[in-house]
Amino acid sequence: MLSLIKAAWKVFLHAFKKRVTVQYPEEKPYLPPRWRGRIILSRDPDGGERCVACYLCAVACPVDCIALQATEDKDGRRYPAFFRINFSRCIFCGYCEEACPTYAIQLTPDYEMSEYARTSLVYEKEDLLINGTGKYPGYNYYKVAGLAIGGKGKGEAQKETPPVDVRSLMP
Amino acid sequence: MKNIFIPLITIIGILLSLTTVSAGLIWLERRLLALWQDRYGPNRVGPFGLFQVIADMIKIFAKEDWVPPFADRAVFILAPAIIMIAVLMSFAVIPFAPAIEVVNLDIGLLFFLAMSSLSIYSLALSGWASNSKYSLLGALRGAAQMLSYEVFMGLSLMGVVIVSGSFNMRAIVEAQRDTWFFIPQFPGFIIFFISGLAETHRLPFDLPEAENELVAGYHTEYSGIKFGMFFVGEYLGITLISALITTLFFGGWLGPVLPPVVWFLLKTLLFICVFILLRASLPRIRFDRLMSFGWKVILPLSLLNVAITGAIVLLWS
Chain A
1 MLSLIKAAWK VFLHAFKKRV TVQYPEEKPY LPPRWRGRII LSRDPDGGER CVACYLCAVA
61 CPVDCIALQA TEDKDGRRYP AFFRINFSRC IFCGYCEEAC PTYAIQLTPD YEMSEYARTS
121 LVYEKEDLLI NGTGKYPGYN YYKVAGLAIG GKGKGEAQKE TPPVDVRSLM P
Chain B
1 MKNIFIPLIT IIGILLSLTT VSAGLIWLER RLLALWQDRY GPNRVGPFGL FQVIADMIKI
61 FAKEDWVPPF ADRAVFILAP AIIMIAVLMS FAVIPFAPAI EVVNLDIGLL FFLAMSSLSI
121 YSLALSGWAS NSKYSLLGAL RGAAQMLSYE VFMGLSLMGV VIVSGSFNMR AIVEAQRDTW
181 FFIPQFPGFI IFFISGLAET HRLPFDLPEA ENELVAGYHT EYSGIKFGMF FVGEYLGITL
241 ISALITTLFF GGWLGPVLPP VVWFLLKTLL FICVFILLRA SLPRIRFDRL MSFGWKVILP
301 LSLLNVAITG AIVLLWS
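For the protein sequence lines, the chains are A and B, in the order given.
All residue numbers for the first sequence refer to our numbering, where the first residue is 1 and numbers rise by one.
All residue numbers for the second sequence refer to our numbering, where the first residue is 1 and numbers rise by one.
Just so you know, the hints here were simulated from the structure itself, not pulled from any lab data.
Hints may be right or wrong, so weigh each one.
Said to hold, decoys possible - If you want the ones that stay clear, here's a sample from chain B, every Cβ over 10 Å from chain A, calculated:
1) V21
2) L35
3) P68
4) A74
5) W128
6) L136
Said to hold, decoys possible - Short, incomplete list of chain B residues facing chain A, as computed with Cβ under 8 Å:
7) W36
8) Q37
9) D38
10) R39
11) Y40
12) L278
13) A280
14) S281
15) L282
Claimed, not checked - Label-pair restraints from in silico Cβ distances:
16) A:L4 x B:A55: 33 to 43 Å
17) A:K17 x B:I183: 25 to 35 Å
18) B:R39 x A:Y111: 34 to 44 Å
19) A:Y111 x B:V257: 50 to 60 Å
20) B:P68 x A:R34: 47 to 57 Å
21) A:Y116 x B:P256: 52 to 62 Å
22) B:T20 x A:Y116: 51 to 61 Å
Note that the structure is a prediction, hence the values are computed from the model and not measured.
No residue lacks a Cβ here, since even glycine has one placed at the ideal position from N, Cα and C.
Same shape as in the complex, but just chain A (with noise of 0.2 Å):
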């Protein structure tokens, strides 16, 4: 009975405390740089497409909420036609981040992306499209590839060499 009685007076002192709740709408709440929010698609520093339509992403993805279609340009240079993630079927568990070789798809601290309808959440490429360069300042694909691609030859991307012709290498 005594031990009741304590337990309900530690309960009422619990009135004085400190609150817990966070008050959402006013008071936003702390998001670590490295949170998984809304996903979006980078540009290399030149402002071209980082993506290249490796289907990378949507194979790593466990829910298959990620769809695209590989194309190219007159240079040879692929980027998705269609680019399409529908976030209601999402987990941002960032896989498709992890998965991606250009760094093209990134995940942001953004959460706020509540819609009224279920086909809202279908985003298309335009909506997933920035126009900066996310999380990699610096980083150009296609001057660090090795690929000769859009009037760039073999072996001038950056830290690269020349290529040697093997046949020249004689003992």
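Position chain B against the provided structure of chain A, taking the given hints into account.
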């Protein structure tokens, strides 16, 4: 003409204010529970979230009033009305102030005991008529609980009756001019408080409802306004028990400076808050424990209380 209208106005006023207050208690309970759990509770709708009650009521009124096809239709619909009627009838004998009372019955206390026993029919019938296993289990527990507390609830009040020498509520309050009865009748007060918790099915004794074991106990199958009646009935019960504790043990409307009604309401509110505090802090007990506690501990204690009080009153006079 005047003699008809004044009681009518009193009755309507008491009914309206009671139902409003007990609906407001939903808000009070949520706010207080939140207070004791380091939260804020509903604070968005209107000032301090007070309009939350209105929003809830609109929701509950607008919901589909559905009777499950497997239920015993007539009894199913009747059951929620019984709890409201039984509890509201009990308020008829409570003197809120010297001038505010529906009826001044000489057997007011007995009337209350009879009405509070009737409200168990609501549980038993709703559990039976729902034709669902959780409801039936809830009703079973409700009946078992009623068996264990109803006996000592009556006995705990006999001490008050002996000391004041009357079953009349008004006479009991008047008898407390010198000392409030919770001092000479402290065991009786504790026992009545415990049985009051059981009577209203509040948390240490909310076995018939037991939402984490029995879905929602006896009102599992209920929805819409019929569920709302059970809900408001529960809060009416809390108000009733608090008002009775005030009347029987804490001097009713008696108190200095402030007008009598205010004293009555303040004391009642205090006990309502204690009820909510107990809900916030105590776990539910097993129902066989409740029964053995009731029969083996509380019943002898209340008998002892009656015997000792009787002996002292006899020796005194």
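Hints, verified against the model:
1. The beta carbon of V21 (chain B) sits about 22 Å from the closest Cβ of chain A, which is more than 10 Å, so the claim that it is off the interface holds.
2. Residue-level check failed: L35 (chain B) sits 5 Å from the nearest beta carbon of chain A, not beyond 10 Å.
3. Distance to chain A confirms P68 (chain B) as a non-interface residue, since its nearest Cβ pair spans about 31 Å, more than 10 Å.
4. Separation of A74 (chain B) from chain A is adequate, the least Cβ-Cβ distance of about 42 Å exceeding the 10 Å criterion.
5. Listed as a non-interface residue, W128 (chain B) keeps its Cβ farther than 10 Å from every Cβ of chain A; the least gap is roughly 33 Å.
6. The non-interface label for L136 (chain B) is consistent with chain A: the shortest C-beta to C-beta separation is roughly 30 Å, beyond 10 Å.
7. Because the beta carbon of W36 (chain B) sits about 5 Å from the nearest beta carbon in chain A, less than 8 Å, this interface hint is met.
8. This hint holds: Q37 (chain B) has a C-beta 7 Å from the nearest C-beta of chain A, less than the 8 Å allowed.
9. At about 5 Å, the closest approach between the beta carbon of D38 (chain B) and any beta carbon in chain A falls short of 8 Å, and the interface hint on this residue holds.
10. Nearest Cβ of chain A to the Cβ of R39 (chain B): about 5 Å, under the 8 Å cut. The hint holds.
11. Hint on Y40 (chain B) holds. Least Cβ distance to chain A is approximately 5 Å, under the 8 Å limit.
12. Residue-level restraint check for L278 (chain B) holds (minimum Cβ-Cβ distance to chain A is 6 Å; threshold 8 Å).
13. A hinted interface residue such as A280 (chain B) counts as satisfied when its beta carbon comes closer than 8 Å to some beta carbon of chain A; here the least separation is about 5 Å, so the hint holds.
14. The interface hint given for S281 (chain B) holds, since its Cβ lies 4 Å from the closest Cβ of chain A, which is under the 8 Å cut-off.
15. Because the smallest distance between the Cβ of L282 (chain B) and any Cβ of chain A comes to about 6 Å, under 8 Å, the interface hint for this residue holds.
16. The beta-carbon spacing between L4 (chain A) and A55 (chain B), approximately 35 Å, falls within the hinted interval of 33 to 43 Å.
17. The given range of 25 to 35 Å is respected by K17 (chain A) and I183 (chain B), whose C-beta atoms sit roughly 33 Å from each other.
18. The hinted range of 34 to 44 Å is not satisfied by R39 (chain B) and Y111 (chain A), whose Cβ atoms lie roughly 22 Å apart.
19. Look at Y111 (chain A) against V257 (chain B): about 55 Å separates their beta carbons, and that is inside 50 to 60 Å.
20. A C-beta distance of roughly 50 Å is found between P68 (chain B) and R34 (chain A), which places it inside the suggested range of 47 to 57 Å.
21. Under the hint 52 to 62 Å, the C-beta atoms of Y116 (chain A) and P256 (chain B), about 58 Å apart, fit the expected range.
22. Between T20 (chain B) and Y116 (chain A) the C-beta distance comes to about 35 Å, which lies outside the given range of 51 to 61 Å.
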